[in-house]
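Engineer: Given chain A's structure and the hints, the job is docking chain B onto it.
Number of protein chains: 2
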Amino acid sequence: MTVMQEIRRRQFLIGSAGIVGAAASGMPAIAQEDAAALPDYVSWKDADDLILHSEQTLETKRAAQGAELITPSNDLYIRNNLPAPPEDIVADRDAWEVGFEGVGSPVTMTVGEMKTVAVETVVCVLQCSGNGRAFFEHETSGSQWSVGAAGNVVWTGVPLRNLVEAMGGIAEGMTWLTGTGGEEIPEGLPKETIQVERSVPKEVLDRAILAWEMNGEPLPLAHGGPLRLIVPGYYGVNNIKYVKRIAFTAEESPAKIQQTGYRTRPVGEEGDPSQPSMFEMPVKSWITGPLEDAKAGRVQIHGVAMGGASAVEKIEVSTDGGESWTEAGFIGPDMGPYAWRPFVLIAELGQGTHMLASRATNAKGEAQPENFEPNERGYGNNGWRAHAVEVTVS
Amino acid sequence: MTVMQEIRRRQFLIGSAGIVGAAASGMPAIAQEDAAALPDYVSWKDADDLILHSEQTLETKRAAQGAELITPSNDLYIRNNLPAPPEDIVADRDAWEVGFEGVGSPVTMTVGEMKTVAVETVVCVLQCSGNGRAFFEHETSGSQWSVGAAGNVVWTGVPLRNLVEAMGGIAEGMTWLTGTGGEEIPEGLPKETIQVERSVPKEVLDRAILAWEMNGEPLPLAHGGPLRLIVPGYYGVNNIKYVKRIAFTAEESPAKIQQTGYRTRPVGEEGDPSQPSMFEMPVKSWITGPLEDAKAGRVQIHGVAMGGASAVEKIEVSTDGGESWTEAGFIGPDMGPYAWRPFVLIAELGQGTHMLASRATNAKGEAQPENFEPNERGYGNNGWRAHAVEVTVS
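Protein chains in written order, with the UniProt record's numbering: chain A, 1 to 394; chain B, 1 to 394.
Pulled out of the complex, with its shape left as it was, chain A reads as follows (with noise of 0.2 angstroms):
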């Protein structure tokens, strides 16, 4: 066939950030899994395209994150750490409220008055601070997630530093940015053991909205409705959900789960709270096509990629485990520096086995590692190695 021949031989203009990029999404679905009947909180979900760790963890499967610009609400992962509130929260999601201390004026606001406030939209990465836990080598408790514990979420609320500002701006002495979930406590347990609530840097009330809408529709109370703190950036458990309280305070949490728990510690160890948090995540990319199987000759390769807390810049990618590179081009518009970008390199490869890899660059200058040195509970893997895919050629 001359024109496939003529395709084949010509060089396009593959590559050129934003004219011409990739997604191979679809195709259908690689079978990693035989899809599982999903929980009831849950049910409207895409069954095919998840993987069912436990009641409260399911992962997007590889194979479906495509190159997608934004991750639909049917295949976003979940991750809770404690089982949703009952459904009547979101039955008045105006009435919901939310206290808010450590400011000038202390106050409490409904959704409803917030809505008079101001609104945003930002698109930014949700990632789970386990994403890639199962390329670590060492045994590590929590899911084993691949690369489906992230997506790229299109959030609309208020802009914190709004509601901040109208509120007399934060208390003197304060530097932390705390936020507690709306979760029910079961009797008997101290709060601090259980309790859904994350301090971070106050700095964030640059970026910070209190979302009350998710892909264009209500936030589901599966992702946190009837309203979650958004911190762009930072890894999905500072994302409180059904957020009911905001305070900026002195100290951080009392709650275990900001104390001990999220924390970067050598393997073997204790967490402690001197250890690194997981705050701002790092720059990151993986492969999501082809994964298993190709046919020799032209082969479209495609994957997202994201910058952390800075955008993406740049992204390359290895066809043969990472002796050489090749720069990628990015697909679809530029959605911010919290967003990731698909991407997509069109290569020729020859029959037999490709190690094909890709690594991203920030606006930052930092580049993923080969590597990424082994922690206790396998937190922010973002090594390139770890995340490569072998592929047969035939």
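A hint or two may mislead.
Here are the computed lysine-lysine pairs in the DSBU-like style, where the Cα-Cα straight-line distance is at most 30 angstroms [stated by the list, open to error]:
| hint | chain 1 | residue 1 | chain 2 | residue 2 |
| --- | --- | --- | --- | --- |
| 1 | A | LYS244 | A | LYS202 |
| 2 | B | LYS244 | B | LYS256 |
| 3 | B | LYS295 | B | LYS364 |
| 4 | A | LYS295 | B | LYS295 |
| 5 | B | LYS295 | A | LYS244 |
| 6 | B | LYS295 | B | LYS314 |
Label-pair distances were calculated between CB atoms; the ranges are [claimed, not checked]:
| hint | chain 1 | residue 1 | chain 2 | residue 2 | range |
| --- | --- | --- | --- | --- | --- |
| 7 | A | PRO374 | B | ALA47 | 47 to 57 angstroms |
| 8 | A | TRP44 | B | ALA95 | 46 to 56 angstroms |
| 9 | B | ALA91 | A | MET355 | 48 to 58 angstroms |
| 10 | B | ASP293 | A | GLY261 | 44 to 54 angstroms |
| 11 | A | GLU55 | B | SER105 | 51 to 61 angstroms |
| 12 | A | SER105 | B | ASP40 | 29 to 39 angstroms |
| 13 | A | GLN351 | B | GLN144 | 28 to 38 angstroms |
| 14 | A | THR260 | B | ASP48 | 30 to 40 angstroms |
Some chain B residues near chain A, calculated using beta-carbon distances under 10 angstroms [stated by the list, open to error]:
| hint | residue |
| --- | --- |
| 15 | GLY66 |
| 16 | GLY112 |
| 17 | VAL117 |
| 18 | VAL122 |
| 19 | VAL123 |
| 20 | ARG298 |
| 21 | GLN300 |
| 22 | HIS302 |
| 23 | ILE331 |
| 24 | VAL344 |
Keep in mind that the hints were calculated from the coordinates and are not lab data. Quick reminder that beta carbons are idealized off the backbone N, C-alpha and C, glycines included.
Structural biologist: Just chain B now, with coordinates in the frame of chain A:
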């Protein structure tokens, strides 16, 4: 409540594009009609957000459009000129074939082959020519669309220019790009009377794509899967579903839908090839909330604005039926010249009746007219007065 008073008193940074904007979604959709049972082929859609005009025509409710960055697939309108082909055409999507004619080397190519050529993602408005028909005062045949025969959609596929380049370019003397749909023609009917085939100026080659994916998922059959011709900036009818033939031609298609259909003609006159065809869309906007009632005080007015075939640059809102105008702010990332942008203005409204209107201006300096001239079929209505809403503030 001191803080809410303070909020009402202060001037917030509403209106600074990209920083603070509007999305009052998360509000319950106003029930324009009771949710109807959807036809089988679109049973996966959200019945609560749709108005069922007929088996082949479903409209998105105005309130459900909110201030969406992207229209969720389950809310997107449906308008089919013919019933969709049988489901089995999406069983093996990569096997779908398209015949290319009027190029240097005519050829048939599969979707699987196209995926190895190049990939692009584009966000653009999909809008029916008759969107806004219900606002004309003369009697019109056809679906009585209000504002909901439109959505903002992410498409991923191969740029047509990359294919045509490899095929030796457009053959000499050809001036039209003609796309043919894969719908079945009932026996006994002359093909021209019913076939979905449209010709558009060949210059759209700079932007047209053949899309296999919509909103991050394989293109649903109901929206033209496995493959649809997307012509950003052009009315929906030119975006051929189940596209099976792409031909560069010297003449426009002989199909009725091209020759006499989809042309703006004086009221009472017959269709004629000399009349303007429904090609490029004009600048347009509409308010999506509030639509009926609001509480006195600070009210969030939101909607969507598009530039047509040129980027939208400015959006103004009036709360007094067009006597005075205030510039509103766009929210969320700019997704390119063919996408719509959600907007918001938070305005102080006193008790009484207010006529809320919006008026968009595009990069060419074209603004919405106050009134759009009536035409027989009720096409292309972008008059701001007809799209205004009367809201009772109490």
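Engineer: Each of the hints needs a verdict: does it hold here or not?
Structural biologist: Verification of the hints:
Taken as a hint, the LYS244/A and LYS202/A pair is honoured in the structure, with Cα atoms around 18 angstroms apart against an allowance of 30 angstroms. For a cut-off of 30 angstroms, the pair hint linking LYS244/B to LYS256/B stands: about 19 angstroms separates their Cα positions. Taking the CA atoms of LYS295/B and LYS364/B, the gap is about 38 angstroms. The hint is violated against a cut of 30 angstroms. For the hint linking LYS295/A to LYS295/B, the alpha-carbon distance of about 62 angstroms lies beyond 30 angstroms, and the restraint is violated.
Distance hint between LYS295/B and LYS244/A is fulfilled; the C-alpha atoms sit about 25 angstroms from each other, no more than 30 angstroms. For the given pair, LYS295/B sits about 27 angstroms from LYS314/B by alpha-carbon distance, which is consistent with the 30 angstroms threshold. The supplied range of 47 to 57 angstroms is met by PRO374/A and ALA47/B, whose beta-carbon atoms lie about 50 angstroms from each other. At roughly 31 angstroms, the beta carbons of TRP44/A and ALA95/B sit outside the given window of 46 to 56 angstroms.
Look at ALA91/B against MET355/A: about 33 angstroms separates their beta carbons, and that is not inside 48 to 58 angstroms. With their beta carbons about 46 angstroms apart, ASP293/B and GLY261/A fall inside the hinted range of 44 to 54 angstroms. The supplied range of 51 to 61 angstroms is met by GLU55/A and SER105/B, whose beta-carbon atoms lie about 57 angstroms from each other. Distance hint check for SER105/A and ASP40/B: the Cβ-Cβ separation is about 56 angstroms, which falls outside the suggested range of 29 to 39 angstroms.
Taking 28 to 38 angstroms as the suggested C-beta distance range, the pair GLN351/A and GLN144/B does not conform, at roughly 59 angstroms. Between THR260/A and ASP48/B the beta carbons are some 44 angstroms apart, a value that contradicts the proposed interval 30 to 40 angstroms. With a least beta-carbon distance of about 7 angstroms to chain A, the hint placing GLY66/B at the interface is held under the 10 angstroms criterion. Hint status for GLY112/B relative to chain A: holds, with the closest Cβ pair at about 9 angstroms, below 10 angstroms.
About 6 angstroms separates the beta-carbon of VAL117/B from the nearest beta-carbon of chain A, less than 10 angstroms, and the hint is met. For VAL122/B, the interface hint holds, since its Cβ comes within 10 angstroms of a Cβ in chain A; the closest pair sits about 7 angstroms apart. For VAL123/B, the suggested interface contact is upheld, since its CB lies about 6 angstroms from the closest CB of chain A, less than 10 angstroms. About 4 angstroms separates the beta-carbon of ARG298/B from the nearest beta-carbon of chain A, less than 10 angstroms, and the hint is met.
Nearest Cβ of chain A to the Cβ of GLN300/B: about 5 angstroms, under the 10 angstroms cut. The hint holds. Given the 10 angstroms rule on beta carbons, the hint for HIS302/B holds: about 7 angstroms separates it from the nearest Cβ of chain A. About 5 angstroms separates the beta-carbon of ILE331/B from the nearest beta-carbon of chain A, less than 10 angstroms, and the hint is met. Against a cut-off of 10 angstroms between C-beta atoms, the interface hint on VAL344/B holds, since the closest Cβ of chain A lies about 5 angstroms away.
Hints 3, 4, 8, 9, 12, 13 and 14 from the earlier list are contradicted by this structure; the remaining hints agree with it.
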